[in-house]
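Asks: Line order of the protein sequences matches chains A and B.
Note that this note's numbering has the first sequence beginning at 264, numbered continuously upward.
Note that this note's numbering has the second sequence beginning at 264, numbered continuously upward.
The set of hints was computed from the structure by calculation and includes no laboratory data.
Just so we're clear, the structure is a prediction, and the values are computed from it rather than from any experiment.
Honestly, I wouldn't trust all of these hints.
To be verified - Sample of chain B residues at the chain A side, in silico, Cβ under 7 Å:
{"#": "1", "residue": "Asp309"}
{"#": "2", "residue": "Pro408"}
{"#": "3", "residue": "Met419"}
{"#": "4", "residue": "Gln420"}
{"#": "5", "residue": "Glu425"}
As the list claims (entries may be wrong) - List time: in silico EDC-like cross-link candidates among lysine to aspartate or glutamate, alpha-carbon distance up to 20 Å:
{"#": "6", "chain 1": "A", "residue 1": "Lys315", "chain 2": "B", "residue 2": "Glu319"}
{"#": "7", "chain 1": "B", "residue 1": "Lys315", "chain 2": "A", "residue 2": "Asp439"}
{"#": "8", "chain 1": "A", "residue 1": "Lys526", "chain 2": "B", "residue 2": "Glu405"}
{"#": "9", "chain 1": "A", "residue 1": "Lys315", "chain 2": "B", "residue 2": "Asp481"}
{"#": "10", "chain 1": "A", "residue 1": "Lys397", "chain 2": "A", "residue 2": "Asp439"}
Claimed, not checked - Distance windows between CB atoms, simulated:
{"#": "11", "chain 1": "A", "residue 1": "Glu349", "chain 2": "B", "residue 2": "Lys315", "range": "26 to 36 Å"}
{"#": "12", "chain 1": "B", "residue 1": "Gln422", "chain 2": "A", "residue 2": "Glu405", "range": "14 to 24 Å"}
{"#": "13", "chain 1": "B", "residue 1": "His421", "chain 2": "A", "residue 2": "Leu480", "range": "38 to 48 Å"}
{"#": "14", "chain 1": "B", "residue 1": "Glu430", "chain 2": "A", "residue 2": "Leu433", "range": "14 to 24 Å"}
{"#": "15", "chain 1": "A", "residue 1": "Leu433", "chain 2": "B", "residue 2": "Glu348", "range": "21 to 31 Å"}
{"#": "16", "chain 1": "B", "residue 1": "Asp441", "chain 2": "A", "residue 2": "Arg525", "range": "14 to 24 Å"}
{"#": "17", "chain 1": "A", "residue 1": "Phe403", "chain 2": "B", "residue 2": "Gln422", "range": "22 to 32 Å"}
{"#": "18", "chain 1": "A", "residue 1": "Ile527", "chain 2": "B", "residue 2": "Glu430", "range": "48 to 58 Å"}
{"#": "19", "chain 1": "B", "residue 1": "Asp439", "chain 2": "A", "residue 2": "Asp441", "range": "49 to 59 Å"}
{"#": "20", "chain 1": "B", "residue 1": "Glu430", "chain 2": "A", "residue 2": "Phe403", "range": "27 to 37 Å"}
The C-beta atom is built at its ideal place from N, Cα and C for all residues, glycine as well.
Number of protein chains: 2
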Amino acid sequence: MDSRAIGVFDSGLGGLTVVKQIIKALPSESIIYLGDTARVPYGTRDRDTITKFALELTKYLIKHDVKYLVVACNTISATCLEEIEELSPVPVIGVIKPAAKLAVETTKNKRVGVIGTRATVHSGAYTREMRKIKDSIEVFAEPCPLFVPIIEEGLMQHQIAEIAVAEYLLPYQDNDLDTMILGCTHYPMLRDLIQKKMGSSVKLIDSAKPTAQALKLDLKERGLLNSSDEQPVYKLYLTDTPLIAKSVINIFFEGDPPTEARKIEL
Amino acid sequence: MDSRAIGVFDSGLGGLTVVKQIIKALPSESIIYLGDTARVPYGTRDRDTITKFALELTKYLIKHDVKYLVVACNTISATCLEEIEELSPVPVIGVIKPAAKLAVETTKNKRVGVIGTRATVHSGAYTREMRKIKDSIEVFAEPCPLFVPIIEEGLMQHQIAEIAVAEYLLPYQDNDLDTMILGCTHYPMLRDLIQKKMGSSVKLIDSAKPTAQALKLDLKERGLLNSSDEQPVYKLYLTDTPLIAKSVINIFFEGDPPTEARKIEL
Numbered sequence: 264m265d266s267r268a269i270g271v272f273d274s275g276l277g278g279l280t281v282v283k284q285i286i287k288a289l290p291s292e293s294i295i296y297l298g299d300t301a302r303v304p305y306g307t308r309d310r311d312t313i314t315k316f317a318l319e320l321t322k323y324l325i326k327h328d329v330k331y332l333v334v335a336c337n338t339i340s341a342t343c344l345e346e347i348e349e350l351s352p353v354p355v356i357g358v359i360k361p362a363a364k365l366a367v368e369t370t371k372n373k374r375v376g377v378i379g380t381r382a383t384v385h386s387g388a389y390t391r392e393m394r395k396i397k398d399s400i401e402v403f404a405e406p407c408p409l410f411v412p413i414i415e416e417g418l419m420q421h422q423i424a425e426i427a428v429a430e431y432l433l434p435y436q437d438n439d440l441d442t443m444i445l446g447c448t449h450y451p452m453l454r455d456l457i458q459k460k461m462g463s464s465v466k467l468i469d470s471a472k473p474t475a476q477a478l479k480l481d482l483k484e485r486g487l488l489n490s491s492d493e494q495p496v497y498k499l500y501l502t503d504t505p506l507i508a509k510s511v512i513n514i515f516f517e518g519d520p521p522t523e524a525r526k527i528e529l
Numbered sequence: 264m265d266s267r268a269i270g271v272f273d274s275g276l277g278g279l280t281v282v283k284q285i286i287k288a289l290p291s292e293s294i295i296y297l298g299d300t301a302r303v304p305y306g307t308r309d310r311d312t313i314t315k316f317a318l319e320l321t322k323y324l325i326k327h328d329v330k331y332l333v334v335a336c337n338t339i340s341a342t343c344l345e346e347i348e349e350l351s352p353v354p355v356i357g358v359i360k361p362a363a364k365l366a367v368e369t370t371k372n373k374r375v376g377v378i379g380t381r382a383t384v385h386s387g388a389y390t391r392e393m394r395k396i397k398d399s400i401e402v403f404a405e406p407c408p409l410f411v412p413i414i415e416e417g418l419m420q421h422q423i424a425e426i427a428v429a430e431y432l433l434p435y436q437d438n439d440l441d442t443m444i445l446g447c448t449h450y451p452m453l454r455d456l457i458q459k460k461m462g463s464s465v466k467l468i469d470s471a472k473p474t475a476q477a478l479k480l481d482l483k484e485r486g487l488l489n490s491s492d493e494q495p496v497y498k499l500y501l502t503d504t505p506l507i508a509k510s511v512i513n514i515f516f517e518g519d520p521p522t523e524a525r526k527i528e529l
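Go ahead and model the full structure; you've got the sequences and the hints to work with.
Replies: Now the structure itself:
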């Protein structure tokens with residue numbers, strides 16, 4: 264039993280989709296969320312820059328005495344999970360492996376699509392993780408760089424979102440997938456449009472739920488679950504305070520807004 | 264006469280539109296361009312973050328012994344030009360004042376539109392600068408946050424650009440402007456679409472040319488022009504090296520590619 268908080272970090276606010284599932288799966292656990300909103304997005308940057316920024320976030324959370332680190336960002340998980348694990352004295356989980364595992368379990372025809380940021384797709388991380396489990400999996404991966412800005416601008420219902428989805432999913436027209444990974448924590452916000460475009464026979468997988476489940480299992484196995492009766496505490500630290508953040512944050516925490524939400528310096 | 268380089272900086276690559284005009288107006292001058300591609304875009308961030316980042320860029324260029332600083336970014340010029348001037352031992356020019364002056368000289372009905380990032384529009388800098396010259400100017404300012412990502416993705420000819428232009432310029436439908444400031448160094452890349460939407464009677468103003476002209480005049484007045492016969496040197500420093508950068512860079516330097524182009528640490 265361990266009442267310390269779980270540290271969750273992301274390049275911005277997208278990782279809150281993972282927080283939402285962690286709160287559902289582990290309602291007794293306290294959470295510290297760190298979003299690097301001053302430097303978001305990461306998915307268009309190079310490997311060294313992403314690694315440098317991610318290790319700064321890691322150090323910050325470690326100083327805040329967390330018992331576990333959740334890398335709630337596909338770009339960071341795909342780029343430098345090993346470097347984070349090397350630096351961290353506490354266990355680390357990324358979002359790639361749990362989603363890759365679920366995708367392999369889900370696909371029947373072994374044809375899986377992956378959409379994500381440019382950095383995530385170029386890293387080949389999803390392909391590697393799926394082939395580790397089943398080496399005959401065929402993977403079709405495409406970057407969708409405009410999805411994140413469209414979602415951050417709240418234009419999910421706008422015609423622009425529809426056209427962007429049509430454009431980026433065009434390469435998937437004829438390759439007979441039965442499963443597609445939404446390989447960016449923002450993309451579930453476009454789930455309906457993506458589902459419509461891909462057709463109802465394609466199963467969409469996102470990282471949030473399988474990551475929360477894998478985290479729960481590992482906390483249990485390591486004896487790190489919190490069994491105290493105290494109310495969990497949610498803290499939210501951002502490196503910038505855009506006007507838009509408040510409304511986005513409330514979507515994810517629903518009935519349980521963070522007890523502390525503030526801008527910090529890394 | 265002073266053969267030191269002119270330092271030009273921007274949050275990313277958009278400031279190269281200003282460099283292009285400086286090369287045209289001042290073909291003997293050497294230029295060091297610094298683009299913070301690791302942390303672009305700035306226009307969605309808060310005032311403190313923008314100021315902090317901009318002062319880091321300023322310090323870097325000052326160390327490189329430049330004779331003049333050009334803030335080739337509307338967001339930075341609108342947010343913290345004074346702080347940069349306080350820090351800098353050499354003269355500083357931003358892009359807001361020269362464009363504002365040209366807009367006031369251009370408008371006949373004194374009704375001017377301004378489009379820019381959220382930070383630029385919220386700062387009110389264009390309105391202030393225009394009213395300093397003529398206090399009866401009416402200003403209609405609207406942020407267009409999706410323009411920068413669309414341009415950085417090279418989608419200027421895509422239907423998405425057309426729809427974004429239609430959406431963001433909708434508020435200008437009935438307000439009888441005769442002049443509009445493209446208040447972001449990226450926006451000239453959407454000039455044709457914006458002109459088509461606004462109608463041919465509306466004059467579009469961008470910062471690049473008037474800033475280069477104002478720079479030329481001030482260099483002359485201060486005796487800082489370079490009169491040596493040596494070939495000018497162009498250096499390009501970026502804080503990140505996205506795959507897309509190379510092709511974008513060549514558009515701006517045309518026949519004169521930078522002699523040095525590399526990633527640097529601030």
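Asks: Take the hints in turn and mark each one as holding or not.
Replies: Results of checking the hints against the structure:
| no. | hint | verdict |
| --- | --- | --- |
| 1 | Asp309 | 5 Å, holds |
| 2 | Pro408 | 5 Å, holds |
| 3 | Met419 | 13 Å, violated |
| 4 | Gln420 | 12 Å, violated |
| 5 | Glu425 | 10 Å, violated |
| 6 | A:Lys315 / B:Glu319 | 17 Å, holds |
| 7 | B:Lys315 / A:Asp439 | 49 Å, violated |
| 8 | A:Lys526 / B:Glu405 | 27 Å, violated |
| 9 | A:Lys315 / B:Asp481 | 40 Å, violated |
| 10 | A:Lys397 / A:Asp439 | 19 Å, holds |
| 11 | A:Glu349 / B:Lys315: 26 to 36 Å | 29 Å, holds |
| 12 | B:Gln422 / A:Glu405: 14 to 24 Å | 19 Å, holds |
| 13 | B:His421 / A:Leu480: 38 to 48 Å | 44 Å, holds |
| 14 | B:Glu430 / A:Leu433: 14 to 24 Å | 22 Å, holds |
| 15 | A:Leu433 / B:Glu348: 21 to 31 Å | 49 Å, violated |
| 16 | B:Asp441 / A:Arg525: 14 to 24 Å | 46 Å, violated |
| 17 | A:Phe403 / B:Gln422: 22 to 32 Å | 24 Å, holds |
| 18 | A:Ile527 / B:Glu430: 48 to 58 Å | 35 Å, violated |
| 19 | B:Asp439 / A:Asp441: 49 to 59 Å | 56 Å, holds |
| 20 | B:Glu430 / A:Phe403: 27 to 37 Å | 32 Å, holds |
Comparing the model with each numbered hint stated earlier shows that hints 3, 4, 5, 7, 8, 9, 15, 16 and 18 do not hold.
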